[in-house]
Amino acid sequence: MKFSKKEAVELLIAWIVLSLCFSLHLIFRAMPFPLLPVIVLIYFISVGLSFVVHELTHRYVAIRYGYLAFFHLWPQGVLLALLVSLISGGTIIFAALGAVYIIPLVHRDFSSSLRAEGVIALSGPLSNLVLSLALLPFASFTGILGVIARIGVSVNIWLAAFNSIPLPPLDGSKVFQWNKAAALLLLIASWSLVLLRGVML
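Heads up: the sequence shown begins at 1 in our numbering, then just goes up one per residue.
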């Protein structure tokens, strides 16, 4: 699962921009300076892990299904993400800065292609749900570990929920085309966690 230099650079750009979007609310809230760089660094690490795992899961599953897969940055998505974060004061994150593009290497009929692409799309948000649940037990800890866990849970829940929306070009739209029940279940599960986030954290 090798990366081209272009793909690695585009992943890095998406990671940096998405991390900035997630941490913008700290600036709007005027967080004290001694804490600000520490929390921003935690956001960069958490977003980096969550975003990269999401995209690499798409990539891995696509390759397993016999597709050529690569990440491509959307310049419009980058601009929209920054604009939405600035306008909302960092409270709304437009998390579609790019996508894993897939090219079939083996011939498939329409039905099997639809299923493969649906499963590939589903794998990304599912990876974020798994990460959020894995970090959740540590969210009640005090100190830096608890802060890292709470930020990690929050970031992963949002990435799963945003990508579960059944509108192109988001993952939820491809899942919906393949299996409406799976798309609805993903949507309900991820947005339920968004609503419960305040209680859990």
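Some hints here could point you the wrong way.
[To be verified] FRET-style restraints, in silico, Cβ to Cβ:
id, residue 1, residue 2, range
1, Ser112, Leu12, 19 to 27 Å
2, Leu49, Ile92, 43 to 51 Å
3, Ser140, Pro75, 37 to 45 Å
[As the list claims (entries may be wrong)] Simulated crosslink set (SDA-like; lysine to any residue; CA at most 25 Å straight-line):
id, residue 1, residue 2
4, Lys174, Ala139
5, Lys180, Pro168
6, Lys180, Gly198
7, Lys6, Gly90
Simulated from the structure, these hints should not be mistaken for laboratory data. Cβ atoms here follow ideal geometry from the backbone N, Cα and C, with glycine treated the same way.
Checked hints:
1. Ser112 - Leu12: 19 to 27 Å: 34 Å Cβ-Cβ, so the 19 to 27 Å window is violated.
2. Leu49 - Ile92: 43 to 51 Å: For Ile92 against Leu49, whose Cβ atoms are near 22 Å apart, the range 43 to 51 Å is violated.
3. Ser140 - Pro75: 37 to 45 Å: holds, 40 Å
4. Lys174 - Ala139: violated, 32 Å
5. Lys180 - Pro168: Distance ~15 Å between Lys180 and Pro168 Cα, so the pair holds.
6. Lys180 - Gly198: Distance ~29 Å between Lys180 and Gly198 Cα, so the pair is violated.
7. Lys6 - Gly90: violated, 29 Å
In terms of the numbered hints stated before, the structure departs from hints 1, 2, 4, 6, 7, listed from lowest to highest.
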